Every structure is written in structure tokens, then in C-alpha cells.
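Engineer: Mapping to the UniProt record's numbering: the sequence shown position 186 is 186, numbers consecutive.
Since the hints were derived computationally from the structure, they do not count as laboratory data.
This structure is a prediction, so every number in the text was calculated from the model and none was measured.
There may be inaccurate statements among the hints.
[Unchecked claim] Using C-beta positions, here's what the derived DEER-type ranges look like:
1. Glu316 - Gly219: 46 to 52 Å
2. Thr446 - Gly267: 40 to 46 Å
3. Thr115 - Asp209: 39 to 45 Å
4. His152 - Arg284: 35 to 41 Å
5. Arg284 - Arg83: 35 to 41 Å
6. Asp160 - Gly219: 14 to 20 Å
7. Gly219 - Phe411: 31 to 37 Å
[To be verified] Mimicking SDA-like on lysine to any residue, the simulated pairs with C-alpha atoms at most 25 Å apart in a straight line are:
8. Lys202 - Gly108
9. Lys435 - Val246
10. Lys435 - His244
11. Lys315 - Cys280
12. Lys435 - Asn373
13. Lys171 - Val246
14. Lys469 - Leu119
15. Lys359 - Val407
16. Lys431 - Gly88
17. Lys171 - Cys280
18. Lys469 - Asp309
19. Lys431 - Gly282
20. Lys469 - Asp141
21. Lys318 - Gly219
22. Lys469 - Val407
23. Lys469 - Pro408
24. Lys171 - Asp141
25. Lys315 - Gly282
26. Lys435 - Lys445
27. Lys469 - Asp240
28. Lys469 - Lys359
29. Lys318 - Val246
30. Lys201 - His212
31. Lys445 - Asp141
32. Lys435 - Cys450
33. Lys435 - Lys315
34. Lys469 - Gly108
35. Lys431 - Phe471
36. Lys359 - Ala345
37. Lys469 - Arg148
38. Lys202 - Tyr127
39. Lys469 - Asp160
40. Lys359 - Arg389
Quick reminder that beta carbons are idealized off the backbone N, C-alpha and C, glycines included.
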Amino acid sequence: MKAEHQSLCSSAAKKARVSPVLLTLALFLIFSSFLYGVDLKELLGRQAQVASQLIVNTNAENEPSAGVAPEEVEEQTTTRRSRRRWQGRLPFALNDEDEDEECDLFSGSWVPDATDHPLYREQDCPYIQPQLTCQSRGRPDTGYQHWRWQPHDCTLPAFDATRLLHALRNKRMLFVGDSLGRGQFTSMACLLSSAVPEPEKKSFEMSPDQQHTVFRVAGEYNATVEFYWAPFLLRSNADDAAVHRVGIADRAVKRGSIGHHGARWRGADVVVFNTYLWWCTGLRFRVLDYEDDDDGASSSSSSSSLMEDPEAVRKEAKWVSTEEAYGMAFREMLQWVRDNMDFNATRVFFTSMSPTHGKSQDWGGAPGGNCYNETTMVEDPGYWGSDSRRSVMRVIRDILDGDGADVPLTFLNVTQLSLYRKDAHTSIYKKQWTKPTPEQLADPKTYADCVHWCLPGLQDTWNELLYTKLFYP
1 MKAEHQSLCS SAAKKARVSP VLLTLALFLI FSSFLYGVDL KELLGRQAQV ASQLIVNTNA
61 ENEPSAGVAP EEVEEQTTTR RSRRRWQGRL PFALNDEDED EECDLFSGSW VPDATDHPLY
121 REQDCPYIQP QLTCQSRGRP DTGYQHWRWQ PHDCTLPAFD ATRLLHALRN KRMLFVGDSL
181 GRGQFTSMAC LLSSAVPEPE KKSFEMSPDQ QHTVFRVAGE YNATVEFYWA PFLLRSNADD
241 AAVHRVGIAD RAVKRGSIGH HGARWRGADV VVFNTYLWWC TGLRFRVLDY EDDDDGASSS
301 SSSSSLMEDP EAVRKEAKWV STEEAYGMAF REMLQWVRDN MDFNATRVFF TSMSPTHGKS
361 QDWGGAPGGN CYNETTMVED PGYWGSDSRR SVMRVIRDIL DGDGADVPLT FLNVTQLSLY
421 RKDAHTSIYK KQWTKPTPEQ LADPKTYADC VHWCLPGLQD TWNELLYTKL FYP
């Protein structure tokens, strides 16, 4: 027993043999403490601090910074890290896999086309909301309907409604977003309806709360085209599709709430997102960070009451830049796509911001005017209106080129081609939910709608581009 103990101690002594370098360092520290009057403990502490800083700097790329929560570091890393682009053949594609894309569909010009455009007549599509039926509301001209988008280096294929219905057999195409998204959905319903002459095979239903609308083609196709109202994509205090009671300055979204609406999107085969207009509240936007059981199946009464109480929103919400808030929502949308869509069987699109034409001086018109009484388009190919925020476009580009690159999202860049179309808005030729006052009637531009678009019209072109990108990505 004693011999074993001595053997262990002898082994330890051999391993603990002092290095000449360490011995020299220790003697130097002792000598310094006597020479300069510095406490040895303090001197050793300084050396240890320097050593620890060297270690931290060495691992700075891989380790969290001091004082930063791990989840914050993960979020920061995610926003900076570029992901590998998804590789594969996109569903619905008809062109060859090795066929190079040589044409930018969104760079081009408008050319007159009274032969093939419009693609349907207003009176032949009963699904158009009264806010978009410009002809029946007294618009005297039809020139805005007779234009075709011509890309510089190619020609768009003709919209074939029958082919699209065949592709959508037993499938769902879902539009998600705001009233501009609803207009694009309505346009698609009109376009497809023209290929199904039998009225008994078609139905158009809206939920009582107006949040979900379904156009269904029965029979051999059994296809649905749907619209779901979610102006921010995230949960917000403007989710009431029928009554928008929230003032512009009080709009707010809840961080991490994509599942609140997203539970209703699951199972769609083609999803077309849009969101922009409702974010335009200024340079800042309100974001709520409270937590609740918001998995989409139900929502707690406390969170619902908070969303519906303007005073509570003002008190609890944090101000962030509009670009930061928009980027947050865009990233949450992409994460929902990752979690819920099969890239080998489904497709996802995003329609870029729809421009407004509220300031005539933007295109060289008389000050104080807007889209009212405009019957010609902007001819300057480089035109960009002051109502369209380039910063938002940059946010989308940076995400899709960075941490969102792994999602095969098809970006429908309709902004520039729509910027030319100051002639295509509904203006005053729509159902007015509030009767204009005598003062407004005397000056119609004061109540002109320069946000939404007449149907048939511009948004049919958006769907021609969607059709092209679906089949020829």
C-alpha cells in the first residue's frame, strides 16, 4: 500500500517538473513587484486579463460577445450569414433545366395593343369588387386597357387559362397580402373564369369576416384560387379585413407571429405574397414583443385585447425603423416557407411594391395634382416616384441575396413597370363608401384613389408575368 502511494507520488512529481520558461517568468514577476511596488496579485490579474482577451479575440468569429444573449447573437449571425442557394428543378416549369435565362421580363416598355388587350371584359367577370369596376362607375375612356408589356429582349407568352387550370388540377393557388393582393387575385379569377364557360362549374365565396375568399373551378379541374387578408403577413392590429379602424400612426405588428395567419396557408401549392402599402407610416414602425400562445390555432384573450387597445399598443410597442420592421416580417415569411412548403412540389412568389401616383409634380405635372384625370402614362423610362421607397426594395434584395437565398422564391418585380401607369388607377371611378361632400365634388382630385387599379387593367399584366415565371422560370 505504501509502495503504491510512493509510486503515485513519484509519477506525479515527474509530471509536475517545472518548465525553465515558467520559472523565469515567475522570477521576473517577483522582481517587478519589488522594483515598482506593484502588488503581485494585481500584476498576475493584469496578465490573466490580457491572456483572456487574446483568447476571446481569437475565437471572436465563433463565440458570443460578452453581455449579448445567445439568442441575440444567433439572430445577428443569421441576418449576416449568406445561405447557399437552393438547387433543383422548380415545379410547374416547362422549360429545360439547362436553358439559360437571358431575358429580364421586368425591363421593357408598354406598347399599344387593342387586339389582344384587355384579356377579358369588365361585364364578363362578376367577381370584380365595386371598388375596381371603373367602367360601370362612369370612367369615360378605355385607353388604359389597351396596352401590352413588352420586355426588351423577349416576348411574354400568351396567357393560356386552360393550361394554367390543367397545372392547378386538384391544387390551391393562394394570394396573401393587402387590397393590392386582392386585386391581383381578382384579376386571376377573371382570367381563369374565361376558360370555363359553364357557370355551374364556378363559385366565388367570401367568409363573413371578409378575410378569406375562394374562387373554385369544379369538375375536371377541382382547382381553387384564394385570397387571404394579412396586410403585414404578421399578426397586427389592422387584421380586420372589413373595418380598418387603426390610425396610420397606431399600426403595429407582433414579432414572431407569422404562424397566426400562416396556419390558414398550409397546404397551398402556389403562394403569392405581397406586403408594402400598410408599412408606409413614416420612418418608424411599432413592433410588439410580448409573448403568448400564438401558434395559429387560437389566440389568448390577453393578446387579443392588447392588439385592439390603441393605448396599450402605444405603451407596449417599441419603435424601430420601417426598414427593420419590414425586414423582420420578410424573414419570418421566408421561415414559414421553409417550414411549410416542399420546394420540390410547390412554388412561392412575392409581388413587389405597388406604386401610388399622388404627386403630379413627380412626373412634371402641375403642383397639387395626382392621378385624377390622367389618361396617359409616364414616358420617362427612368421615372421613380417619391411615394415608392427604394430602401424597402434594398431590404428585400439584401435578404434574398443573403440569409434568404436558400428559399426558391420568385420575385415579381412589378414596381417599375407600374410606375409608368399613372393612367390606370381607379381615381374617382369606384364605389364610394362615403358620399363625397360638395367641396370634394367641386375638386375631384381630393377624393381620387391613386392606390388601386381598374380591372381589367394593369394587374392582369402582373398575372401575365406570374404565368410566365410559373411555367418558364
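Engineer: Compare the structure with each hint and give your call.
Structural biologist: Outcome of the hint check:
no.	hint	result
1	Glu316 - Gly219: 46 to 52 Å	holds (51 Å)
2	Thr446 - Gly267: 40 to 46 Å	holds (45 Å)
3	Thr115 - Asp209: 39 to 45 Å	holds (42 Å)
4	His152 - Arg284: 35 to 41 Å	holds (39 Å)
5	Arg284 - Arg83: 35 to 41 Å	violated (29 Å)
6	Asp160 - Gly219: 14 to 20 Å	holds (18 Å)
7	Gly219 - Phe411: 31 to 37 Å	holds (34 Å)
8	Lys202 - Gly108	violated (35 Å)
9	Lys435 - Val246	holds (21 Å)
10	Lys435 - His244	holds (18 Å)
11	Lys315 - Cys280	holds (21 Å)
12	Lys435 - Asn373	holds (20 Å)
13	Lys171 - Val246	violated (35 Å)
14	Lys469 - Leu119	holds (18 Å)
15	Lys359 - Val407	violated (37 Å)
16	Lys431 - Gly88	violated (46 Å)
17	Lys171 - Cys280	violated (34 Å)
18	Lys469 - Asp309	violated (42 Å)
19	Lys431 - Gly282	violated (28 Å)
20	Lys469 - Asp141	violated (31 Å)
21	Lys318 - Gly219	violated (51 Å)
22	Lys469 - Val407	holds (16 Å)
23	Lys469 - Pro408	holds (12 Å)
24	Lys171 - Asp141	violated (38 Å)
25	Lys315 - Gly282	holds (19 Å)
26	Lys435 - Lys445	holds (15 Å)
27	Lys469 - Asp240	violated (32 Å)
28	Lys469 - Lys359	violated (32 Å)
29	Lys318 - Val246	holds (17 Å)
30	Lys201 - His212	holds (20 Å)
31	Lys445 - Asp141	holds (17 Å)
32	Lys435 - Cys450	holds (18 Å)
33	Lys435 - Lys315	violated (36 Å)
34	Lys469 - Gly108	holds (16 Å)
35	Lys431 - Phe471	violated (36 Å)
36	Lys359 - Ala345	violated (44 Å)
37	Lys469 - Arg148	holds (17 Å)
38	Lys202 - Tyr127	holds (11 Å)
39	Lys469 - Asp160	holds (13 Å)
40	Lys359 - Arg389	holds (14 Å)
Consistency with the previously given hints fails for numbers 5, 8, 13, 15, 16, 17, 18, 19, 20, 21, 24, 27, 28, 33, 35, 36, ordered from lowest to highest.
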